[in-house]
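K.L.:
Each chain, letter by letter, is given below.
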Amino acid sequence: MKNGLILFFGVFLALALSWAGLLLAAQQQLGSLGQFKDPVEETINPQPMSGVAHEGLLVYQDLGCVTCHTQQVRREGFGADLARKWGTRGGYARDYIRDQTVLFGSSRLGPDLRNAGSADLHAGVDAEYFYRLLYAPQSVAPGTNMPAYPFLFDVHPTAGRQPSDYAVKITGKAAPPAGYEVVPTARARELVAYLLSLKDTYDYPIEKSRNAPAETPKEGGH
Amino acid sequence: MSAEPDKNFRLEQACASDDSIQQVHAQLRNAKPVKAGHYPFLPLGLLGLMCTAIFLSSTYLVHYSIRFDPLVYNDHASREAPGALKVAVATPRDLGKRVFSNTCITCHQANGMGVPGAFPPLAGSDWAQGPEERVIRIVLLGLNGPIKVSGTDFNSAMAPLGSVLKDDQIAHALTYVRSEWGNKAPEVKPETVTKIRAELAGRTAPWTAEELLKIGN
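Residue numbers (my numbering), protein chains in the order written: chain A, -13 to 208; chain B, 47 to 263.
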């Protein structure tokens, strides 16, 4: 082949440079990010995920929640994420270090879920709320386009057995017939544990200080 | 064999008489020959466009890549290099609050008011703000029997915490109690706790209010 060696090295260089730039440099810059221990509160952030929550992460992936729900809060000035109470601050790279597969998502047919488990941001949102939302979305969020996930629940008669501790109270149109109860399966419980573990409410002092706006924001270019 | 040349001749005749083919041939004859191994130069306009693009993107990069810091997400962040990170240092009071919320809060409550009739208050209490020798002894070995706190009589027991808490934890917790809820009493040093603990070596019985009132006058 004519000029075969030049061609080979050209292709090799192009691939090697992009690998070094996109992967190696990024790994060098952010690969060493670790958990941060708050010296006063003595909390470790981001908190490691519990085992049940990690199982729930797999359910989240399995059900394809990522198709309609993102997990990335944009900082101030980029959309209305903070005004919608999807977070208290924009996301940092450090928030994601516990995620083996980062479920960013790309389409927001539903709300962002990065802080779904934050009780400060969403008052009254607890496990019961998520169970109802999953079993019959219209019963808690009328008009939502979220599909129901009834297969995550067992609907069985209460006659002749002890009532379940986990039974979910569903009212309205989706309520089970009299004498039946709706009990979340293990998958539903894991998924809800995962959702409740999602909260990036801690603001890291390193990122906070480096992202502090300049005293007098400069206008125009340089 | 004689028919073949005839056919070719007639074909060539047709081509020669076709105007469009003649035009194409004329254009090809007039076109400048391309030198083998050479390409035409890049048009100057295109070169200018690319230079402008590179210039503008470099300007953008310099303006918005804050020191190429991977942890900066805000393009309006300060462009001066940050100083050393100010990590909040936990004061003895902060540490004491933690000890208080883990241990003392059960009886004395978060507001320091105790439980009326059962556990004495710490807020505004003459005992809590009294001599440090007394409060350290109370925490180390506990207290039993009647005691008059801020003019109210109490009669219950406080558990000894000397074996549960370390010297500095006791000092910090007392510092917190003596400076919170409007209390104004000096800080308690861990060394003082260590000293008193050493003095009390061997004693396990809880104190009584009468005994303590003889100390630290």
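Think of the hints as simulated: they come from the structure by calculation, not from any bench.
You may find that some hints are simply not true.
[Unchecked claim] Stretch by stretch, here's where chain A covers chain B in the computed footprint (C-beta under 8 Å, at least three residues):
id, stretch
1, 114 to 125
2, 135 to 149
[Claimed, not checked] Chain B is faced by these chain A residues, among others (derived, beta-carbon under 10 Å):
id, residue
3, L(-1)
4, P25
5, E27
6, P191
[Claimed, not checked] Straight-line distance between alpha carbons at most 27 Å, and here's what the computed DSSO-like set of lysine-lysine pairs gives:
id, chain 1, residue 1, chain 2, residue 2
7, A, K71, A, K194
8, B, K212, B, K241
9, B, K230, B, K194
10, B, K212, A, K185
11, B, K78, B, K143
12, B, K260, B, K230
13, B, K143, A, K194
14, A, K(-12), A, K71
15, B, K241, A, K23
16, A, K185, A, K23
17, B, K230, B, K212
18, A, K23, B, K230
Glycine included, every Cβ here is placed at the ideal spot set by N, Cα and C.
K.L.:
Are the hints correct? Go through all of them and say.
P.N.:
Hint check:
1. 114 to 125: This one holds; 10 residues, not fewer than the three required, reach chain A with a Cβ under 8 Å.
2. 135 to 149: holds (count 4)
3. L(-1): Where the cut-off is 10 Å and the nearest Cβ of chain B is about 20 Å from A:L(-1), the hint is violated.
4. P25: holds (6 Å)
5. E27: holds (9 Å)
6. P191: holds (6 Å)
7. A:K71 <-> A:K194: Distance ~19 Å between A:K71 and A:K194 Cα, so the pair holds.
8. B:K212 <-> B:K241: Within the cut-off at roughly 13 Å; holds.
9. B:K230 <-> B:K194: Distance ~20 Å between B:K230 and B:K194 Cα, so the pair holds.
10. B:K212 <-> A:K185: This hinted pair is violated, its Cα atoms lying about 34 Å apart.
11. B:K78 <-> B:K143: Answer violated: B:K78 to B:K143 is near 91 Å, above 27 Å.
12. B:K260 <-> B:K230: Judged against 27 Å, a Cα distance of about 23 Å means the pair holds.
13. B:K143 <-> A:K194: Satisfied, since the Cα-Cα distance of roughly 25 Å is no more than 27 Å.
14. A:K(-12) <-> A:K71: Cα-Cα ~62 Å, so violated.
15. B:K241 <-> A:K23: Since the Cα atoms of B:K241 and A:K23 sit roughly 33 Å apart, the hinted pair is violated (cutoff 27 Å).
16. A:K185 <-> A:K23: holds (16 Å)
17. B:K230 <-> B:K212: holds (24 Å)
18. A:K23 <-> B:K230: The hint is violated at about 32 Å.
Hint violations for this structure: numbers 3, 10, 11, 14, 15 and 18, all remaining hints satisfied.
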